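Start from the sequences and build out the full structure, keeping to the hints where you can.
First to last, the protein sequences are chains A and B. In terms of my numbering, the first sequence opens at residue 505 and continues consecutively. In terms of my numbering, the second sequence opens at residue 505 and continues consecutively.
A couple of the hints might just be wrong.
The list treats identical chains as one, so a pair stands whether inside a single copy or across any two.
[What the hints assert, rightly or not] Here are the simulated lysine-lysine pairs, DSSO-like style, with alpha carbons at most 30 Å apart: (1) Lys705 to Lys649; (2) Lys705 to Lys648; (3) Lys599 to Lys574; (4) Lys521 to Lys561; (5) Lys599 to Lys659; (6) Lys574 to Lys521; (7) Lys659 to Lys574; (8) Lys705 to Lys694; (9) Lys654 to Lys599; (10) Lys654 to Lys695; (11) Lys649 to Lys695; (12) Lys559 to Lys521.
Hint data in this document are derived by calculation from the structure and do not stem from the laboratory. All of these numbers come straight from a predicted model, not from anything done at the bench.
Okay, here's what each chain looks like letter by letter:
2 protein chains.
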Amino acid sequence: MGVKERKERDRQGMREKILQSAHHLFLDKGFEDISIRNIAEAIEYSPATIYLYFKDKNEIFFALHGEAFKIFNSYLGEVMLIKDPMDRLIKLGEKYIEFTFAHPRYYNIMFIMEAPMNCDENSEDWQEGAKAHCFLEGVVEECKKNGHFKNLNTKILSFTIWSYMHGMCSLALRNRMRIYPEAERESIRKKSFKQFTNLLKAL
Amino acid sequence: MGVKERKERDRQGMREKILQSAHHLFLDKGFEDISIRNIAEAIEYSPATIYLYFKDKNEIFFALHGEAFKIFNSYLGEVMLIKDPMDRLIKLGEKYIEFTFAHPRYYNIMFIMEAPMNCDENSEDWQEGAKAHCFLEGVVEECKKNGHFKNLNTKILSFTIWSYMHGMCSLALRNRMRIYPEAERESIRKKSFKQFTNLLKAL
DNA sequence: ACTTAAACTGAACACTGTTTAGTAATTTTG
DNA sequence: CAAAATTACTAAACAGTGTTCAGTTTAAGT
Chain A
505 MGVKERKERD RQGMREKILQ SAHHLFLDKG FEDISIRNIA EAIEYSPATI
555 YLYFKDKNEI FFALHGEAFK IFNSYLGEVM LIKDPMDRLI KLGEKYIEFT
605 FAHPRYYNIM FIMEAPMNCD ENSEDWQEGA KAHCFLEGVV EECKKNGHFK
655 NLNTKILSFT IWSYMHGMCS LALRNRMRIY PEAERESIRK KSFKQFTNLL
705 KAL
Chain B
505 MGVKERKERD RQGMREKILQ SAHHLFLDKG FEDISIRNIA EAIEYSPATI
555 YLYFKDKNEI FFALHGEAFK IFNSYLGEVM LIKDPMDRLI KLGEKYIEFT
605 FAHPRYYNIM FIMEAPMNCD ENSEDWQEGA KAHCFLEGVV EECKKNGHFK
655 NLNTKILSFT IWSYMHGMCS LALRNRMRIY PEAERESIRK KSFKQFTNLL
705 KAL
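Below you can see the structure in the form of structure tokens.
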């Protein structure tokens, strides 16, 4: 291994170290409540060092973005086992919901947060996200092949489905279901999802 | 007018002054980019004074919440003119979209932001929001009376519709439509909305 | 005129992200 | 090997943040 390669590896190693620490802190404190100084302290370096490996705070958390999608995609394994496309689509929805409430912080950086998104459009970190979206379109396409969704465009319908799923989940996460009594909220979401999937089945 | 009443009026006057200034700054700088010091400077008082009238920064922006809903509700006037309930429902959706992109900052505090929401559950400021939600349920109910949405629960369906609308709008606002080429994004949303309303009409 | 109460503020506290000038350690070169 | 050059790192500062509190100014009541 040449000198240049080793240097690059060390550099990546340090980035990894920072990221790991940031990730850890992020999970039990959220984005806004961790500082560069926190991260620096955790890895026992000075705050200034972090700026040698990352442009700014956003770049650090944008990197977590990819991590979040990897975990999300790991939820899809179970979905892929299901043979019937329509059942698979519904399972995908169920897993989406499960992921949302199991990892609200991840959901936050993936789909809600404004901050770390002002990044390179053509970044590699988006590939993991694109993969998830491709998966949805693939399942919808297969449903079509099975006789569902006649005269409905795959891409558009996929976006419609995603919109519904995201809307429901983010309204819940961001506490916008106050109009409904606390005790009813979950049941409303469940019934709504059931209603939505029943509609899809009938298409 | 007694002394107590005048004092109360002065107090409200000062709150109004702070709110107005905050509102103004909020509209052209966003939430995170204004400070208590900014607001104080604008009304030519010391930052400490603001804390005599508001508990904290969140309380100030929570107050804007009500304002945002008032503006939203003003969009509903045009909707109410439409006789046919189904057409009215669709118009409501169109107006929702129009509002979202005309006032992204308002949409933000109303439906997305986390920060100013940690407030009193039973606050009066929620009434304006509840009104908007009632309006939706009312229109859906009327659709039912007109023979639509057979065997679908009004409350659940209303939530389903809202979820879709919010999902689509917030994905757009929070820049989560990157998977689609920039030039196509708006058309995808339009087509999706058309698709969604067509589905509703057929129910 | 004196007291009481209300309104307001300067200055501080404990933070924040970020930059820069300078130090310490390590390599490369003569 | 020693000198020079490069790299890795950091202390300290900058310019801000939300928030608190002791203390002052202003106004009202007696």
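The hints, checked one at a time:
1. Lys705 to Lys649: For Lys705 and Lys649, the Cα distance is within 30 Å both inside one copy (14 Å) and across copies (25 Å).
2. Lys705 to Lys648: Both: 11 Å inside a chain and 21 Å across chains, each within 30 Å.
3. Lys599 to Lys574: within (14 Å within a copy, 37 Å between copies)
4. Lys521 to Lys561: within (15 Å within a copy, 35 Å between copies)
5. Lys599 to Lys659: Answer is both; intra-copy 20 Å and inter-copy 24 Å each pass.
6. Lys574 to Lys521: within (19 Å within a copy, 48 Å between copies)
7. Lys659 to Lys574: This pair counts as within: shortest intra-copy Cα distance 23 Å, inter-copy 36 Å.
8. Lys705 to Lys694: both (16 Å within a copy, 23 Å between copies)
9. Lys654 to Lys599: For Lys654 and Lys599, both the intra-copy (25 Å) and inter-copy (29 Å) Cα distances are at most 30 Å.
10. Lys654 to Lys695: both (25 Å within a copy, 16 Å between copies)
11. Lys649 to Lys695: Answer is both: 28 Å inside a copy and 21 Å across each meet the 30 Å cutoff.
12. Lys559 to Lys521: within (16 Å within a copy, 40 Å between copies)
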